[in-house]
Amino acid sequence: MLGRASDFAAGAAFSGGNRACLPGKWTRKALDNVPASSSKCRLNAVATLTGSARILTRTKAKEGNAMTKNWQGYMVRALLAATVLCTAATASVAEEKKLEVLHFFTAGSEAAAIGVIKDAFTAKGYGWVDLPATGTDTLNQVLRSRVTAGSPPNAVLMHSNEVKQWVDQGALVDLSPIATKGNWDEVMSKGLIPHLKLNGSYYGVPTTVERTNWLWYNKKVFDKLGLQPPSTLDEFHTAAD
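If you read the sequence shown in my numbering, its first letter stands for residue 419, the second for the next number, and so on.
The reader is advised that the hints may include incorrect statements.
20 angstroms max Cα-Cα, derived EDC-like pairs, lysine to aspartate or glutamate [to be verified]: (1) Lys637 - Glu653; (2) Lys542 - Asp555; (3) Lys582 - Asp603.
Here are the simulated distance ranges between beta carbons [stated by the list, open to error]: (4) Lys582 - Thr552: 21 to 27 angstroms; (5) Gly526 - Pro647: 29 to 35 angstroms; (6) Asp603 - Gly543: 29 to 35 angstroms; (7) Pro595 - Val639: 30 to 36 angstroms; (8) Lys582 - Glu653: 46 to 52 angstroms; (9) Lys608 - Thr630: 18 to 24 angstroms; (10) Gly543 - Thr630: 37 to 43 angstroms; (11) Gln559 - Asp659: 48 to 54 angstroms; (12) Ser569 - Lys637: 33 to 39 angstroms; (13) Gly644 - Pro612: 31 to 37 angstroms; (14) Asp555 - Ala529: 14 to 20 angstroms; (15) Gly644 - Ala529: 41 to 47 angstroms; (16) Ser649 - Ala529: 17 to 23 angstroms; (17) Thr556 - Ser527: 17 to 23 angstroms.
Quick caveat, the hints were computed from the structure, so don't treat them as lab data.
Heads up, the beta-carbon is just placed ideally off N, CA and C, and yes, glycines get one too.
Build the full structure now, drawing on both the sequences and the hints.
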């Protein structure tokens, strides 16, 4: 019995796009072979921004704003790091404990998903300043304006294909210390890493993964019938027969 990836999009959104999000009776093929440039893969990532006095550029001499059981934990840890790093540039204890998060998860399961991360973060005693944007176009306009003005949000949700342009212009914080501690190279699906790791450093945390060509199957039924998960169309049709 086979299912479509779209059948489980809502479930994936709630738990940060990791393997734990999949319903228990379903199994998916690994993401290890996802090409970094694949047009069939869209990865949403949370990245953290540094301060900037120039258009889309972070001047390293200035004080900056930065951004374990599953990816929700890693995201919270990255956001906590952002709060810690931004304290040197803030004026009061109250301000130090607040984090601005720009995102486009505003409806349905997406809003619920960002709410899970928010709740986990605020449970640590920190404040969450929600900056919702209606759609990615609006988000990008707000982000570009804030970075240009030298007052970027502490964290932003963006598509993975947008990460590189901000990294190239020095606007994102290197999350490698957190990634090393969390052993991301080993625990993250290999197909996701090229979307978030550039020039040897991580600049984002995966939140959701959307694919049009995932294969879903009922492991219990396959095991009962002695079938192997198909890896080609011919094997798919044979298994279906």
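Evaluated hints:
no.	hint	verdict
1	Lys637 - Glu653	holds, 16 angstroms
2	Lys542 - Asp555	violated, 32 angstroms
3	Lys582 - Asp603	holds, 19 angstroms
4	Lys582 - Thr552: 21 to 27 angstroms	holds, 25 angstroms
5	Gly526 - Pro647: 29 to 35 angstroms	holds, 31 angstroms
6	Asp603 - Gly543: 29 to 35 angstroms	holds, 30 angstroms
7	Pro595 - Val639: 30 to 36 angstroms	violated, 44 angstroms
8	Lys582 - Glu653: 46 to 52 angstroms	violated, 36 angstroms
9	Lys608 - Thr630: 18 to 24 angstroms	holds, 19 angstroms
10	Gly543 - Thr630: 37 to 43 angstroms	holds, 41 angstroms
11	Gln559 - Asp659: 48 to 54 angstroms	holds, 52 angstroms
12	Ser569 - Lys637: 33 to 39 angstroms	violated, 50 angstroms
13	Gly644 - Pro612: 31 to 37 angstroms	holds, 36 angstroms
14	Asp555 - Ala529: 14 to 20 angstroms	holds, 18 angstroms
15	Gly644 - Ala529: 41 to 47 angstroms	holds, 43 angstroms
16	Ser649 - Ala529: 17 to 23 angstroms	violated, 37 angstroms
17	Thr556 - Ser527: 17 to 23 angstroms	holds, 20 angstroms
The structure shown violates the earlier hints numbered 2, 7, 8, 12 and 16.
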